[in-house]
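Number of protein chains: 2
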Amino acid sequence: MSLNICFIGAGNLATHLSKNLKKSGFNILQVYSKTEKSAKELAGILNSGYTVSPEGITSDADIYFVALKDSAFDEVLPRVNLKNKILVHCSGSLPISVLEKYSNKIGVFYPLQTFSKQCEVDFLTIPVFVESGSKEVENFLVEIAKKVSGSVLVLNSEKRKYLHIAAVFACNFVNHFYMVAAEILKKEEIPFDVLKPLILETALKVQKMEPEKAQTGPAVRFDENIISAHVNEIKDFNNYAELYNSISKSIFEHHQKLK
Amino acid sequence: MSLNICFIGAGNLATHLSKNLKKSGFNILQVYSKTEKSAKELAGILNSGYTVSPEGITSDADIYFVALKDSAFDEVLPRVNLKNKILVHCSGSLPISVLEKYSNKIGVFYPLQTFSKQCEVDFLTIPVFVESGSKEVENFLVEIAKKVSGSVLVLNSEKRKYLHIAAVFACNFVNHFYMVAAEILKKEEIPFDVLKPLILETALKVQKMEPEKAQTGPAVRFDENIISAHVNEIKDFNNYAELYNSISKSIFEHHQKLK
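Line by line, the protein sequences give chains H and V. In case it helps, the numbering used here puts the first sequence at residues 2 to 260. In case it helps, the numbering used here puts the second sequence at residues 2 to 260.
Hints are computed from structural coordinates only; laboratory data are not their basis. Any given hint could be a false lead.
[Unchecked claim] With the C-beta cut set under 10 Å, the calculated list includes, among others, these residues of chain V facing chain H:
no., residue
1, Phe27
2, Leu95
3, Val169
4, Ala183
5, Glu213
6, Asp224
The C-beta atom is built at its ideal place from N, Cα and C for all residues, glycine as well.
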């Protein structure tokens, strides 16, 4: 499949996805970003052209991947003529319908992963969720997705919204707790390194067993002594005591229901 | 070091620790658990004796590891004569002082990990935190710890308490969010499998970079549209909207301070 691709956006997701599409043999024609540094940097990696103005976006590509912040869609897309082009976005949270006013061949191509520019990821392991109102575009997107990922699923906008909420819990909120833990340790001058095996094992356990079966600790045992001692220890540390309480309650209630 | 060990407790932690001590050449003389099945099972693995009564606990061991639920200490320990024995507990949350009334050679031996009986872990990677009022006992415990772990640290009760709180955030609370995510997906009939690469990558990222630098997602960008849409979608799902709100707020506030 010889295909010319344009990337609208040059952030973390755009960087990883475009690099992997290129590695799979697709040609990345151009990268757009309003930040010249980002556009230039990614274009350098991809050996592609770049532009910092929506009006400068090429009309020669076969498919346009929109990997912008959700809030930037309406700034950029009205300024590009994409009417007869295949236009897909990579957002977990936006429905496919946000593209309707910009093209008549639209779709979604959502790789579910947390991307940071400096962390390499094995794209083959990343599930890609594809959607289109047109069976032809859907098949086309599935074919592209299968070149970069071993796990391609068709999913509609309604369900993708919940998938995205689940991902926020399993990734962003989880990472926030790593951060809270790091802060607590820092105050006590204990190196964060000591938590790394625990963090990794906690993630590895649920690769093999259901999270609710993997649960351990004071909340699932409803050990009130420990819970109230912990809450007391962190009562003046940001809103952490409040978080501690509400999550312990949530754990306990969930596991009571299971009994 | 030829040493006879008695385990008071036969739960997840006791199982993993005793197996690894045995593997390192120590002799496990006896296991106590009030549940016969647990005592017998672990004794079978260790090729040791067992008892289900505190009064049946041997007086022939050199060192006694207490790996009980915190609340069980005062049920079991008053019924055993350990006055001249080395007595250590394996609890993250209890201070060393809880052992004072039972022996005059006391310590703490706390391996920081989430243990489930059915999941093998590489004990060498697990940090072990050791404490004793006596330098002699401390050195002795460090020596034992170094036989099973590559990471041995001396830490007092006050700091260990905070270490334990950090571990609750980084493991139990994290695992609860895996569970919340699994529940949200289940309702939409999306397999939990699709989240596994994301969960693993989230944990792997903080092995190499600080959690606050690894943060991505709508809360750190303070994308109010997504946040309020998400909250609205899960408003009738347990207390998840409330959790979503308070954690998003905590993420945002933390990252505002960094700017």
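Against the structure, the hints come out as follows:
1. Phe27: Status violated, d = 22 Å.
2. Leu95: holds (9 Å)
3. Val169: holds (6 Å)
4. Ala183: holds (5 Å)
5. Glu213: holds (5 Å)
6. Asp224: Cβ of Asp224 of chain V sits 6 Å from chain H, so the hint holds.
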